[in-house]
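Participant: The whole structure should be built from the sequences, with the hints applied where relevant.
Number of protein chains: 6
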Amino acid sequence: MSVWPLLEDDEMPARSAAVIDDIRATRKTDFINNFWRVLANDPALLERTWASLKDVMGPGVLDPKVKEMLYVAVSIANSCEYCIRSHTAAARAKGMSEAELGELMAIVGMASETNRLAIGLQVPVDAAFGVPFAGAREPDAG
Amino acid sequence: MSVWPLLEDDEMPARSAAVIDDIRATRKTDFINNFWRVLANDPALLERTWASLKDVMGPGVLDPKVKEMLYVAVSIANSCEYCIRSHTAAARAKGMSEAELGELMAIVGMASETNRLAIGLQVPVDAAFGVPFAGAREPDAG
Amino acid sequence: MSVWPLLEDDEMPARSAAVIDDIRATRKTDFINNFWRVLANDPALLERTWASLKDVMGPGVLDPKVKEMLYVAVSIANSCEYCIRSHTAAARAKGMSEAELGELMAIVGMASETNRLAIGLQVPVDAAFGVPFAGAREPDAG
Amino acid sequence: MSVWPLLEDDEMPARSAAVIDDIRATRKTDFINNFWRVLANDPALLERTWASLKDVMGPGVLDPKVKEMLYVAVSIANSCEYCIRSHTAAARAKGMSEAELGELMAIVGMASETNRLAIGLQVPVDAAFGVPFAGAREPDAG
Amino acid sequence: MSVWPLLEDDEMPARSAAVIDDIRATRKTDFINNFWRVLANDPALLERTWASLKDVMGPGVLDPKVKEMLYVAVSIANSCEYCIRSHTAAARAKGMSEAELGELMAIVGMASETNRLAIGLQVPVDAAFGVPFAGAREPDAG
Amino acid sequence: MSVWPLLEDDEMPARSAAVIDDIRATRKTDFINNFWRVLANDPALLERTWASLKDVMGPGVLDPKVKEMLYVAVSIANSCEYCIRSHTAAARAKGMSEAELGELMAIVGMASETNRLAIGLQVPVDAAFGVPFAGAREPDAG
Numbered sequence: 001m002s003v004w005p006l007l008e009d010d011e012m013p014a015r016s017a018a019v020i021d022d023i024r025a026t027r028k029t030d031f032i033n034n035f036w037r038v039l040a041n042d043p044a045l046l047e048r049t050w051a052s053l054k055d056v057m058g059p060g061v062l063d064p065k066v067k068e069m070l071y072v073a074v075s076i077a078n079s080c081e082y083c084i085r086s087h088t089a090a091a092r093a094k095g096m097s098e099a100e101l102g103e104l105m106a107i108v109g110m111a112s113e114t115n116r117l118a119i120g121l122q123v124p125v126d127a128a129f130g131v132p133f134a135g136a137r138e139p140d141a142g
Numbered sequence: 001m002s003v004w005p006l007l008e009d010d011e012m013p014a015r016s017a018a019v020i021d022d023i024r025a026t027r028k029t030d031f032i033n034n035f036w037r038v039l040a041n042d043p044a045l046l047e048r049t050w051a052s053l054k055d056v057m058g059p060g061v062l063d064p065k066v067k068e069m070l071y072v073a074v075s076i077a078n079s080c081e082y083c084i085r086s087h088t089a090a091a092r093a094k095g096m097s098e099a100e101l102g103e104l105m106a107i108v109g110m111a112s113e114t115n116r117l118a119i120g121l122q123v124p125v126d127a128a129f130g131v132p133f134a135g136a137r138e139p140d141a142g
Numbered sequence: 001m002s003v004w005p006l007l008e009d010d011e012m013p014a015r016s017a018a019v020i021d022d023i024r025a026t027r028k029t030d031f032i033n034n035f036w037r038v039l040a041n042d043p044a045l046l047e048r049t050w051a052s053l054k055d056v057m058g059p060g061v062l063d064p065k066v067k068e069m070l071y072v073a074v075s076i077a078n079s080c081e082y083c084i085r086s087h088t089a090a091a092r093a094k095g096m097s098e099a100e101l102g103e104l105m106a107i108v109g110m111a112s113e114t115n116r117l118a119i120g121l122q123v124p125v126d127a128a129f130g131v132p133f134a135g136a137r138e139p140d141a142g
Numbered sequence: 001m002s003v004w005p006l007l008e009d010d011e012m013p014a015r016s017a018a019v020i021d022d023i024r025a026t027r028k029t030d031f032i033n034n035f036w037r038v039l040a041n042d043p044a045l046l047e048r049t050w051a052s053l054k055d056v057m058g059p060g061v062l063d064p065k066v067k068e069m070l071y072v073a074v075s076i077a078n079s080c081e082y083c084i085r086s087h088t089a090a091a092r093a094k095g096m097s098e099a100e101l102g103e104l105m106a107i108v109g110m111a112s113e114t115n116r117l118a119i120g121l122q123v124p125v126d127a128a129f130g131v132p133f134a135g136a137r138e139p140d141a142g
Numbered sequence: 001m002s003v004w005p006l007l008e009d010d011e012m013p014a015r016s017a018a019v020i021d022d023i024r025a026t027r028k029t030d031f032i033n034n035f036w037r038v039l040a041n042d043p044a045l046l047e048r049t050w051a052s053l054k055d056v057m058g059p060g061v062l063d064p065k066v067k068e069m070l071y072v073a074v075s076i077a078n079s080c081e082y083c084i085r086s087h088t089a090a091a092r093a094k095g096m097s098e099a100e101l102g103e104l105m106a107i108v109g110m111a112s113e114t115n116r117l118a119i120g121l122q123v124p125v126d127a128a129f130g131v132p133f134a135g136a137r138e139p140d141a142g
Numbered sequence: 001m002s003v004w005p006l007l008e009d010d011e012m013p014a015r016s017a018a019v020i021d022d023i024r025a026t027r028k029t030d031f032i033n034n035f036w037r038v039l040a041n042d043p044a045l046l047e048r049t050w051a052s053l054k055d056v057m058g059p060g061v062l063d064p065k066v067k068e069m070l071y072v073a074v075s076i077a078n079s080c081e082y083c084i085r086s087h088t089a090a091a092r093a094k095g096m097s098e099a100e101l102g103e104l105m106a107i108v109g110m111a112s113e114t115n116r117l118a119i120g121l122q123v124p125v126d127a128a129f130g131v132p133f134a135g136a137r138e139p140d141a142g
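Chains as they are written, first to last, in this note's numbering: chain A, 1 to 142; chain B, 1 to 142; chain C, 1 to 142; chain D, 1 to 142; chain E, 1 to 142; chain F, 1 to 142.
A hint or two may mislead.
[Claimed, not checked] 27 Å max Cα-Cα, derived DSS-like pairs, lysine-lysine: (1) F/K28 with E/K65; (2) D/K65 with D/K28; (3) F/K94 with F/K28; (4) A/K94 with B/K28.
To be clear, the hints were calculated from the coordinates, so they are not data collected in a lab.
Facilitator: As structure tokens, then:
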């Protein structure tokens, strides 16, 4: 049971219902997953979260499948079962193969291992890695 | 200062020196970053860690640049400064643009936000997300 | 199923039963939640944990409702379902409105997002933030 | 050194400079901390992050000081030095006393301890905590 | 339900079946826990994970029971229910008493508390703790 | 720079000075590390933290060296540089060899890897691991 109830379409405040309509239109499906039905209890939180997600996960320079795989990787590191499930499903829907999922798992595991070794042994950052990138202003051109 | 000293080439045990040679040969560079120079104090740990990393980050089904970006994403979630620095450098060396890095940052931030919302509100996993994938055995064919 | 059994009142060691009595007296309720029934298997752990919690969450300079909200925020960041549930209930019992809970969720999500951006981009601390607070000894006066 | 350079005002893309202007106007100060000067390298990321932060940390039902204290608590749990420093400074600027900071620290420490005990002992959630809140739709009225 | 199906012995790819045979031989039991049955969907991941685990958790300088207790401690800090359950069972099988488990829990809780206090108060590392250990090369002799 | 100043002996409130005296007496050394000098700004926090630490890390059923190693393992998982440094020093002072430290690092890394695999693949807990331990009340006898 969630902390706030899962709202059916006809139980939602009007502002939330409008966001749900946009999710359906953007995703071209009637299916609304539980995350949004819970957030719908707080229209301001729902509006801002969906606006940000639509922006971040929408068209950009990275492949949509890769974006979902990055989302899954972070969700595993943060131990969020809900997000692992929903974004693994999204990554598969966007073309992630099982072999790619296997490599994703291997990388998440390996990174978690070496992260802890570097922290545990307090390895100092190499001078070669510490310099800021000269051309970083370019995103503005995009 | 690291917990174990940064070993110069001529200070390493023979087993560690052999691993360092393989890192140089594999990466086609003489540069050895501090992570390996610290691990070199424990030959068994160095051998196993390098063997795994070489395997996981070597050629596979995912683009090497994407692999490094996944590594960066996990390292941020785990708060490992060393790994953020070293793998951001690696991702750039493998072609990651600053616009791609910007999207990576946006996704890591967004996922961390929705991870906490889903956990905080205890959103139940949708039945649609809970089913195991039917074709999962395929990696064996690869 | 917990790692240690949930002890009923008549199954507890005498030292644990005494702590449980104090929890009931302090909270003015007969209800004992599962956390304490599991800790009751180890009287020393139960005694110390309850003594600390009673001290930290007892009367002080912060509003009891705010204390519970801080507890919920940390529990979300640490992915502890049990503590999210129990302290959200406690915060509501101490007057937290659903609108306040919505703001709490928004802040936890937002902080988690900017935490990762600051870590991922390795933003250096501003000199203005680095100075220790001059008047820090005052708590002694209280 | 940050991953992207700290941009001076006259080095920023125009879209970023406009956001920086709004930060100055909203906060009624010329001081711009490093977090924004690094994000300014990616105008889209800067715009969205500032818009969300302005919304979440702006006027609402919770006391601004309490909001900053919640931000500090999450930042500690996520090990973000930058955010601990900047939001501790903000909380102090909004009236947090050192005694309040002491209680905040005690709660963050205590919650982290009991979070681990509840997780480590796998304490099951009490039935009493599992029910969703009946009146959760009210935020819409606000 | 796991992300990949739990494979029965006769459903596994040949490379995975060979690893499972080695797990049975090494552990001297027919019982194969779910972790391995899920990893069996990706033979390369299964092979590497088992080879590493067998090496790390095999005979060494630390008592096998202590090794399992360290594993449990990390698993609690990482909020991994599966690993808490499986390694608590393994630690008990290797002789961990309930009193030892109680001390383990107390230490994990206490460390989590002081970790947050040290991070939250940004305590600088004492000069006395910062020096690398002079004799660190000895593991090679072993 | 810490959030509160590092207090010299003659700058401490009387209640804090008394705790510091007990630390010196218990540890049989004049050296007081920074953690306590910062906590000394808040006598109540200092008193409670030291009382708990003295109790948890004092004589018990586990070897003092093993206790410190468990502390280090958790501190790595929580990314606390201060605690990694101070408790690695303490573990060495209590007899931890560099080979033992190497095994500790290997286990922390390995556990972090398999924790993420079990979470990422959502491996269900085996029925065999889910049963509470029948004899858990024994600690009371001790």
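Participant: A separate judgement is required for each hint: does it hold in the structure or not?
Facilitator: So, going through the hints one by one against the coordinates:
no. : hint             : in the structure
1   : F/K28 with E/K65 : violated, 31 Å
2   : D/K65 with D/K28 : holds, 17 Å
3   : F/K94 with F/K28 : holds, 14 Å
4   : A/K94 with B/K28 : violated, 35 Å
In summary, the numbered hints that this structure violates are 1, 4.
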